[in-house]
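There are 2 protein chains.
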Amino acid sequence: MKKMEEKILAEGKILPGGVLKVGSFLNQQIDTVFMREIGEEIAELFKDSGATKILTIEASGIPIAVSAGFAMNLPVVYAKKNKSSNISGDCYSTLVHSFTHGNKNNVIVTKEYISSDDKILIVDDFLAHGSALTGLIEICEMAGAEVVGCCAAIEKGFQLGGDRLREQGYRIESLAIVDEMTDTEIIFREQ
Amino acid sequence: MKKMEEKILAEGKILPGGVLKVGSFLNQQIDTVFMREIGEEIAELFKDSGATKILTIEASGIPIAVSAGFAMNLPVVYAKKNKSSNISGDCYSTLVHSFTHGNKNNVIVTKEYISSDDKILIVDDFLAHGSALTGLIEICEMAGAEVVGCCAAIEKGFQLGGDRLREQGYRIESLAIVDEMTDTEIIFREQ
Numbered sequence: 001m002k003k004m005e006e007k008i009l010a011e012g013k014i015l016p017g018g019v020l021k022v023g024s025f026l027n028q029q030i031d032t033v034f035m036r037e038i039g040e041e042i043a044e045l046f047k048d049s050g051a052t053k054i055l056t057i058e059a060s061g062i063p064i065a066v067s068a069g070f071a072m073n074l075p076v077v078y079a080k081k082n083k084s085s086n087i088s089g090d091c092y093s094t095l096v097h098s099f100t101h102g103n104k105n106n107v108i109v110t111k112e113y114i115s116s117d118d119k120i121l122i123v124d125d126f127l128a129h130g131s132a133l134t135g136l137i138e139i140c141e142m143a144g145a146e147v148v149g150c151c152a153a154i155e156k157g158f159q160l161g162g163d164r165l166r167e168q169g170y171r172i173e174s175l176a177i178v179d180e181m182t183d184t185e186i187i188f189r190e191q
Numbered sequence: 001m002k003k004m005e006e007k008i009l010a011e012g013k014i015l016p017g018g019v020l021k022v023g024s025f026l027n028q029q030i031d032t033v034f035m036r037e038i039g040e041e042i043a044e045l046f047k048d049s050g051a052t053k054i055l056t057i058e059a060s061g062i063p064i065a066v067s068a069g070f071a072m073n074l075p076v077v078y079a080k081k082n083k084s085s086n087i088s089g090d091c092y093s094t095l096v097h098s099f100t101h102g103n104k105n106n107v108i109v110t111k112e113y114i115s116s117d118d119k120i121l122i123v124d125d126f127l128a129h130g131s132a133l134t135g136l137i138e139i140c141e142m143a144g145a146e147v148v149g150c151c152a153a154i155e156k157g158f159q160l161g162g163d164r165l166r167e168q169g170y171r172i173e174s175l176a177i178v179d180e181m182t183d184t185e186i187i188f189r190e191q
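Those sequence lines, one after another, are chains A and B.
Number 6 in the numbering used here belongs to position 6 of the first sequence; there are no gaps in the numbering.
Number 33 in the numbering used here belongs to position 33 of the second sequence; there are no gaps in the numbering.
In case anyone wonders, no lab produced these hints; they're calculated from the structure.
None of these values were measured; they are calculated from a predicted model.
Do not rely on the hints blindly, as some may be mistaken.
To be verified - The list that follows gives simulated cross-link-like pairs (lysine-lysine, DSBU-like), each with its CA atoms no further than 35 Å apart:
1. A:Lys104 to B:Lys83
2. B:Lys47 to A:Lys3
3. A:Lys3 to A:Lys21
4. B:Lys2 to A:Lys2
5. B:Lys47 to A:Lys104
6. A:Lys2 to B:Lys104
7. B:Lys47 to A:Lys111
8. A:Lys104 to B:Lys104
9. B:Lys80 to A:Lys21
10. A:Lys81 to A:Lys2
11. A:Lys21 to B:Lys3
12. B:Lys81 to B:Lys3
13. B:Lys83 to A:Lys111
14. A:Lys80 to A:Lys21
15. B:Lys13 to B:Lys2
16. A:Lys13 to B:Lys3
17. A:Lys81 to A:Lys119
18. A:Lys47 to A:Lys119
19. B:Lys47 to A:Lys83
20. B:Lys2 to A:Lys104
21. A:Lys21 to B:Lys81
22. A:Lys104 to B:Lys3
23. A:Lys119 to B:Lys111
24. B:Lys2 to A:Lys21
25. A:Lys13 to A:Lys111
26. B:Lys21 to A:Lys2
27. A:Lys47 to B:Lys83
28. A:Lys111 to B:Lys119
29. A:Lys13 to B:Lys104
30. A:Lys111 to B:Lys21
31. A:Lys104 to B:Lys13
32. A:Lys3 to B:Lys81
33. A:Lys80 to B:Lys119
34. B:Lys2 to A:Lys3
35. A:Lys21 to B:Lys13
36. B:Lys104 to A:Lys111
37. A:Lys80 to B:Lys47
38. A:Lys81 to B:Lys3
39. B:Lys2 to B:Lys21
40. B:Lys2 to A:Lys119
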């Protein structure tokens with residue numbers, strides 16, 4: 001998505017530790033005009049996927065999932081993060097490591113909101129090491145639901161999570177893939 | 001909003017401790033067709049408010065804010081919750097008590113995303129004791145921004161936060177106000 005690359009170049013900020021800050025339009029502050037276009041782009045990419053539900057993870061995945069849900073007329077479910085080890089029996093949960101925050105969270109979805117009849121499209125804002133996405137895929141497997149694809153707004157290709165999941169056979173689409181990032185330059189993968 | 005009352009009666013579950021669970025359509029799982037109508041209803045209510053930006057709080061306020069932002073063509077900002085006392089100088093923050101979870105969180109907004117030129121419409125899923133809303137209003141005051149109104153999808157009128165804020169002169173609109181809730185019955189306020 002050319003416009004995602006342009007937005008990253010215009011408004012993204014590179015912080016120490018390989019962090020790409022896009023809080024001015026994608027997370028924290030949301031450019032709703034652009035967010036609508038993101039949803040429509042995801043709908044176009046996955047129009048033949050047969051998806052019945054969109055799954056994401058709080059909090060920054062939610063705007064993207066809602067926009068895609070609007071464009072595809074699909075319900076959205078978001079997983080919650082929880083540090084507590086006390087998970088009730090009516091939830092699917094898995095432990096996910098956050099490289100950004102250097103901690104671990106349980107990722108939790110109430111069982112009644114995802115079933116073996118569902119074909120799930122997973123969306124999130126960032127795909128880096130792939131931990132969150134892998135956790136969401138695991139939850140779909142626990143529920144017996146089929147994962148028809150995953151879509152990230154921005155993939156950090158140099159952190160390899162996306163390519164690892166592609167090698168496992170998942171359909172992974174990212175609206176922009178950053179293959180290299182220095183203090184002064186961002187290089188996108190040709191798509 | 002008649003349909004909000006109907007949805008609550010059809011799908012809401014009353015849990016011990018005055019908790020009204022609406023995870024099947026409003027938070028955790030989102031009925032995107034209904035969520036679009038919620039956004040349009042908020043846009044209609046606040047069409048003459050002069051709002052320049054919508055402010056909410058993660059995570060369950062985000063779908064409502066995004067839908068209202070789509071309907072009103074306004075950017076959305078969401079406050080983050082953080083237990084840490086270590087808040088950086090580039091953020092506005094205030095301490096908010098959660099009655100539901102029995103804990104306290106810092107509510108944080110990066111300074112660059114809210115300014116003294118902004119006229120802010122605050123939205124959230126629930127308005128009960130009014131702690132989250134009060135925290136968001138405080139953050140707007142810190143930024144010198146004007147609060148033109150607040151809108152909750154569901155207000156628990158018997159927990160008095162909404163009426164307290166109305167008495168202070170704020171325009172508070174709720175799409176449904178639950179004035180009484182027993183194990184078997186939900187009574188809405190006439191609006």
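Hint by hint, here is what the structure shows:
1. A C-alpha spacing of about 15 Å is found between Lys104 (chain A) and Lys83 (chain B), which places the hinted pair at or below 35 Å, so the restraint holds.
2. With a C-alpha separation of about 30 Å, the suggested pairing of Lys47 (chain B) with Lys3 (chain A) holds against the 35 Å cut-off.
3. In summary, the hint linking Lys3 (chain A) to Lys21 (chain A) is supported, as the alpha carbons are separated by about 17 Å, within the 35 Å threshold.
4. About 42 Å separates the Cα atoms of Lys2 (chain B) and Lys2 (chain A), which puts this hinted pair outside 35 Å; it is violated.
5. For the hint pairing Lys47 (chain B) with Lys104 (chain A), the CA-to-CA distance comes to about 43 Å; that exceeds 35 Å, so the pair is violated.
6. Proposed proximity of Lys2 (chain A) and Lys104 (chain B) is contradicted: the alpha carbons are some 42 Å apart, above 35 Å.
7. The straight-line distance between the Cα atoms of Lys47 (chain B) and Lys111 (chain A) is roughly 39 Å, outside the 35 Å bound, and the hint therefore fails.
8. This hinted pair checks out: Lys104 (chain A) and Lys104 (chain B) have alpha carbons roughly 21 Å apart, not beyond 35 Å.
9. With a C-alpha separation of about 15 Å, the suggested pair Lys80 (chain B) and Lys21 (chain A) falls inside the 35 Å cut-off, and the hint holds.
10. About 32 Å separates the Cα atoms of Lys81 (chain A) and Lys2 (chain A), which keeps this hinted pair within 35 Å; it holds.
11. Among the hinted pairs, Lys21 (chain A) with Lys3 (chain B) is inconsistent with the structure: their alpha-carbon atoms are about 39 Å apart, more than 35 Å.
12. The suggested pairing of Lys81 (chain B) with Lys3 (chain B) holds, with an alpha-carbon distance near 30 Å, which does not exceed 35 Å.
13. Among the hinted pairs, Lys83 (chain B) with Lys111 (chain A) is consistent with the structure: their alpha-carbon atoms are about 28 Å apart, no more than 35 Å.
14. For the given pair, Lys80 (chain A) sits about 22 Å from Lys21 (chain A) by alpha-carbon distance, which is consistent with the 35 Å threshold.
15. Restraint check for Lys13 (chain B) and Lys2 (chain B): the C-alpha separation of about 18 Å stays at or below 35 Å, so the hint holds.
16. Proposed proximity of Lys13 (chain A) and Lys3 (chain B) is contradicted: the alpha carbons are some 43 Å apart, above 35 Å.
17. Pair hint Lys81 (chain A) plus Lys119 (chain A) holds up; C-alpha atoms about 22 Å apart against a cutoff of 35 Å.
18. A distance of roughly 13 Å separates the Cα atoms of Lys47 (chain A) and Lys119 (chain A); the hinted pair therefore holds under the 35 Å criterion.
19. With a C-alpha separation of about 40 Å, the suggested pairing of Lys47 (chain B) with Lys83 (chain A) is violated against the 35 Å cut-off.
20. Between Lys2 (chain B) and Lys104 (chain A), the direct Cα distance comes to roughly 42 Å. Violation of the 35 Å bound is thereby established for this hinted pair.
21. A threshold of 35 Å between alpha carbons decides the hint, and for Lys21 (chain A) with Lys81 (chain B) the separation of about 18 Å falls inside it, so the pair holds.
22. Taking the CA atoms of Lys104 (chain A) and Lys3 (chain B), the gap is near 40 Å; set against the 35 Å cutoff, the hint is violated.
23. A threshold of 35 Å between alpha carbons decides the hint, and for Lys119 (chain A) with Lys111 (chain B) the separation of about 40 Å lies outside it, so the pair is violated.
24. In summary, the hint linking Lys2 (chain B) to Lys21 (chain A) is not supported, as the alpha carbons are separated by about 41 Å, beyond the 35 Å threshold.
25. Proximity of Lys13 (chain A) to Lys111 (chain A) is assessed by CA-CA distance (about 38 Å); at most 35 Å being required, the pair is judged violated.
26. Distance restraint check for Lys21 (chain B) and Lys2 (chain A): the Cα-Cα separation of roughly 41 Å exceeds the 35 Å cut-off, and the hinted pair is therefore not satisfied.
27. Simply put, Lys47 (chain A) and Lys83 (chain B) have alpha-carbon atoms about 40 Å apart, too far for the 35 Å limit, and the pair is violated.
28. With a C-alpha separation of about 40 Å, the suggested pairing of Lys111 (chain A) with Lys119 (chain B) is violated against the 35 Å cut-off.
29. Simply put, Lys13 (chain A) and Lys104 (chain B) have alpha-carbon atoms about 31 Å apart, close enough for the 35 Å limit, and the pair holds.
30. Only pairs whose Cα atoms come within 35 Å are accepted, and Lys111 (chain A) paired with Lys21 (chain B) is accepted, the gap being roughly 15 Å.
31. Distance check on the hinted pair: Lys104 (chain A) and Lys13 (chain B) sit about 31 Å apart at the alpha-carbon level, within 35 Å; holds.
32. Among the hinted pairs, Lys3 (chain A) with Lys81 (chain B) is consistent with the structure: their alpha-carbon atoms are about 30 Å apart, no more than 35 Å.
33. Straight-line distance between C-alpha atoms of Lys80 (chain A) and Lys119 (chain B) comes to about 31 Å, which keeps the hinted pair within the 35 Å bound.
34. Distance hint between Lys2 (chain B) and Lys3 (chain A) is unfulfilled; the C-alpha atoms sit about 40 Å from each other, more than 35 Å.
35. Note on Lys21 (chain A) and Lys13 (chain B): the hinted pairing is violated, with a Cα-Cα distance of about 39 Å set against a maximum of 35 Å.
36. Distance check on the hinted pair: Lys104 (chain B) and Lys111 (chain A) sit about 28 Å apart at the alpha-carbon level, within 35 Å; holds.
37. With a C-alpha separation of about 33 Å, the suggested pair Lys80 (chain A) and Lys47 (chain B) falls inside the 35 Å cut-off, and the hint holds.
38. In summary, the hint linking Lys81 (chain A) to Lys3 (chain B) is supported, as the alpha carbons are separated by about 30 Å, within the 35 Å threshold.
39. The hinted pair formed by Lys2 (chain B) and Lys21 (chain B) meets the criterion: a straight-line CA distance of about 18 Å does not exceed 35 Å.
40. Among the hinted pairs, Lys2 (chain B) with Lys119 (chain A) is consistent with the structure: their alpha-carbon atoms are about 32 Å apart, no more than 35 Å.
Hints 4, 5, 6, 7, 11, 16, 19, 20, 22, 23, 24, 25, 26, 27, 28, 34, 35 from the list above are not met by this structure, while the remaining hints are.
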